[in-house]
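Since the structure of chain U is provided, determine the placement of chain G on it from the hints.
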Amino acid sequence: MDNLEKNLTRFKKIEPDEIFKSRSRAIILNSPQTSYRSNFQTFLNLITPKVLTIGSVTASVALLIGALSILGNHLLNPSLASNFDKTNIDKEIEEFNFQFAQIEYYQDSAKKIEIALKKTSDVPLSEEELSL
Amino acid sequence: MLEAEKQHIDNAQGGDKEAFSLLYDHYLPKIYRYILFKVSKMEEAEDLTHEVFLSAWQNIGGYKHKGFPFSSWLYQIARNAVIDSYRTSKKNVQIEMVSENLLKINPTESDTIDNDMELARIRGAIKLLKSEYQDVLIMRFIEELPHEEIATVLGKSQGAVRIIQHRALKELKSIYYGQFGEKFNEV
Numbered sequence: 001m002d003n004l005e006k007n008l009t010r011f012k013k014i015e016p017d018e019i020f021k022s023r024s025r026a027i028i029l030n031s032p033q034t035s036y037r038s039n040f041q042t043f044l045n046l047i048t049p050k051v052l053t054i055g056s057v058t059a060s061v062a063l064l065i066g067a068l069s070i071l072g073n074h075l076l077n078p079s080l081a082s083n084f085d086k087t088n089i090d091k092e093i094e095e096f097n098f099q100f101a102q103i104e105y106y107q108d109s110a111k112k113i114e115i116a117l118k119k120t121s122d123v124p125l126s127e128e129e130l131s132l
Numbered sequence: 001m002l003e004a005e006k007q008h009i010d011n012a013q014g015g016d017k018e019a020f021s022l023l024y025d026h027y028l029p030k031i032y033r034y035i036l037f038k039v040s041k042m043e044e045a046e047d048l049t050h051e052v053f054l055s056a057w058q059n060i061g062g063y064k065h066k067g068f069p070f071s072s073w074l075y076q077i078a079r080n081a082v083i084d085s086y087r088t089s090k091k092n093v094q095i096e097m098v099s100e101n102l103l104k105i106n107p108t109e110s111d112t113i114d115n116d117m118e119l120a121r122i123r124g125a126i127k128l129l130k131s132e133y134q135d136v137l138i139m140r141f142i143e144e145l146p147h148e149e150i151a152t153v154l155g156k157s158q159g160a161v162r163i164i165q166h167r168a169l170k171e172l173k174s175i176y177y178g179q180f181g182e183k184f185n186e187v
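Keeping their order, the protein sequence lines are chains U and G.
Residues in the first sequence are numbered consecutively from 1, following our numbering.
Residues in the second sequence are numbered consecutively from 1, following our numbering.
Excised from the complex, chain U in its bound form (with noise of 0.2 Å):
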């Protein structure tokens, strides 16, 4: 390396003006900053608290109406609760046996009337009739 190429290094040491340095310092981090997000991001960041904030009110309206619908069948609607009551089944069971009783009843004392008409009016009775 020669004079000239030593010479050269010297100048590292130019420095810049200690106020200049500040006060570009000053100016430059007063400034705003540009933004790099890209426009999808910035769509996306525009909407997704819109987005989020309708979804979870409309998911929160739907659970609280199912919730409802549930409950008022259970607990709302007596009918349908009663159903689920054991005494109340048990009458309805006994009913039901009352009213297979009576039908079976009506459809004897038919059958026997039938006859006694047919024994009145000489009418010849069948085996079946007969053993009645």
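Treat the hints with caution; some may be incorrect.
Taking beta-carbon pairs under 7 Å as the criterion, some of the chain G residues facing chain U (in silico) [what the hints assert, rightly or not]:
| id | residue |
| --- | --- |
| 1 | A4 |
| 2 | G67 |
| 3 | F68 |
| 4 | P69 |
| 5 | I122 |
| 6 | F141 |
Over 12 Å on every C-beta distance to chain U, these chain G residues come out as not near it, computed from the model [claimed, not checked]:
| id | residue |
| --- | --- |
| 7 | S21 |
| 8 | S40 |
| 9 | K64 |
| 10 | Y86 |
| 11 | A160 |
Below, simulated DSS-like cross-link-like pairs (lysine-lysine); rule was C-alpha separation at most 27 Å, straight line [as the list claims (entries may be wrong)]:
| id | chain 1 | residue 1 | chain 2 | residue 2 |
| --- | --- | --- | --- | --- |
| 12 | U | K21 | G | K156 |
| 13 | U | K12 | G | K173 |
| 14 | U | K21 | G | K6 |
| 15 | G | K156 | U | K6 |
| 16 | U | K6 | G | K173 |
| 17 | G | K6 | U | K111 |
| 18 | U | K13 | G | K170 |
| 19 | G | K66 | G | K6 |
| 20 | G | K170 | G | K156 |
| 21 | G | K156 | G | K173 |
| 22 | G | K173 | G | K30 |
| 23 | U | K6 | G | K17 |
| 24 | G | K156 | U | K12 |
| 25 | G | K17 | G | K6 |
| 26 | U | K21 | G | K41 |
| 27 | G | K6 | G | K156 |
| 28 | U | K13 | G | K173 |
| 29 | G | K30 | U | K13 |
For the record, the hints were derived by calculation from the structure and aren't laboratory data.
These numbers were taken from a predicted model, which means no experiment stands behind them.
The C-beta atom is built at its ideal place from N, Cα and C for all residues, glycine as well.
Chain G in isolation, oriented as in the chain U frame:
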């Protein structure tokens, strides 16, 4: 790139002023010297240096580390700022116009008035070189950047930078010794 510097860059990208301030303090002298050698006035060098760091602050969000030093990004901004400045104001600087006041070297570093004069003439000779030669000489001999980083800033291969360096130095010597004759051959 140092891990600490990477952290400062990340923080500055997030708007951390203190982090950018550290980067500013570290790189300002280098960028200022580079620009000072490329323009004719100290005020112009200050204005362009300010523009470079303002642009760096505003656009640091777009900076992506690709294995090159952060300084090469700053040098690229500085280089473009100087080119834009040339376009807007074409100036032909003659050696006679170069003032020693531009150098502002610490007096303890300049032993004599002759030394100041000598540096002013070297600077004048550098300014007569073509822009690419100036870039390589400033970055290689004044800032002592590795060839790899100079190649990144200039967008050339390392081999091409070495060739430019050789030619630039040869031409600088030719101008310098040619302009100032035998008196400066002893330099």
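Quick rundown of the hints versus the structure:
At its closest, the beta carbon of G/A4 sits 20 Å from a beta carbon of chain U; the interface hint therefore is violated under the 7 Å criterion. Contact between G/G67 and chain U, as hinted, is not supported at the beta carbon level, the nearest pair being about 20 Å apart and thus beyond 7 Å. Given the 7 Å rule on beta carbons, the hint for G/F68 is violated: about 19 Å separates it from the nearest Cβ of chain U. Proximity of G/P69 to chain U is violated relative to the hint, the smallest CB-CB distance being about 17 Å (cut-off 7 Å).
Taking 7 Å as the C-beta cut-off, the interface hint given for G/I122 holds, the closest approach to chain U being about 6 Å. Because the smallest distance between the Cβ of G/F141 and any Cβ of chain U comes to about 4 Å, under 7 Å, the interface hint for this residue holds. For G/S21, the shortest C-beta to C-beta distance to chain U comes to about 6 Å, within the 12 Å cut-off, and the non-interface label is violated. With a minimum CB-CB distance of about 15 Å to chain U, G/S40 clears the 12 Å threshold, and the non-interface call stands.
Look at G/K64: its CB is around 10 Å from the nearest CB on chain U, not clear of 12 Å, so calling it non-interface is violated. A cut-off of 12 Å between C-beta atoms confirms that G/Y86 is not in contact with chain U; the least separation is 21 Å. With a closest Cβ-Cβ approach of about 20 Å to chain U, G/A160 is found to remain outside the 12 Å limit, as its non-interface label requires. A threshold of 27 Å between alpha carbons decides the hint, and for U/K21 with G/K156 the separation of about 32 Å lies outside it, so the pair is violated.
Proposed proximity of U/K12 and G/K173 is supported: the alpha carbons are some 19 Å apart, at most 27 Å. A threshold of 27 Å between alpha carbons decides the hint, and for U/K21 with G/K6 the separation of about 23 Å falls inside it, so the pair holds. Distance restraint check for G/K156 and U/K6: the Cα-Cα separation of roughly 26 Å lies within the 27 Å cut-off, and the hinted pair is therefore satisfied. Restraint check: the Cα-Cα separation between U/K6 and G/K173 comes to about 13 Å, which is no more than 27 Å; the hinted pair holds.
The hinted pair formed by G/K6 and U/K111 fails the criterion: a straight-line CA distance of about 108 Å is larger than 27 Å. Simply put, U/K13 and G/K170 have alpha-carbon atoms about 24 Å apart, close enough for the 27 Å limit, and the pair holds. The hinted pair formed by G/K66 and G/K6 meets the criterion: a straight-line CA distance of about 12 Å does not exceed 27 Å. A hinted pair counts as satisfied when its Cα atoms are at most 27 Å apart, and G/K170 with G/K156 qualifies at roughly 20 Å.
Between the alpha carbons of G/K156 and G/K173 the distance comes to roughly 24 Å, so the proposed pair stays at or under 27 Å and holds. The suggested pairing of G/K173 with G/K30 holds, with an alpha-carbon distance near 24 Å, which does not exceed 27 Å. Note on U/K6 and G/K17: the hinted pairing is violated, with a Cα-Cα distance of about 38 Å set against a maximum of 27 Å. Distance restraint check for G/K156 and U/K12: the Cα-Cα separation of roughly 24 Å lies within the 27 Å cut-off, and the hinted pair is therefore satisfied.
Our distance criterion of 27 Å between C-alpha atoms is met by G/K17 and G/K6, whose separation comes to about 15 Å. A hinted pair counts as satisfied when its Cα atoms are at most 27 Å apart, and U/K21 with G/K41 qualifies at roughly 17 Å. Distance restraint check for G/K6 and G/K156: the Cα-Cα separation of roughly 25 Å lies within the 27 Å cut-off, and the hinted pair is therefore satisfied. For the given pair, U/K13 sits about 22 Å from G/K173 by alpha-carbon distance, which is consistent with the 27 Å threshold.
Among the hinted pairs, G/K30 with U/K13 is consistent with the structure: their alpha-carbon atoms are about 10 Å apart, no more than 27 Å.
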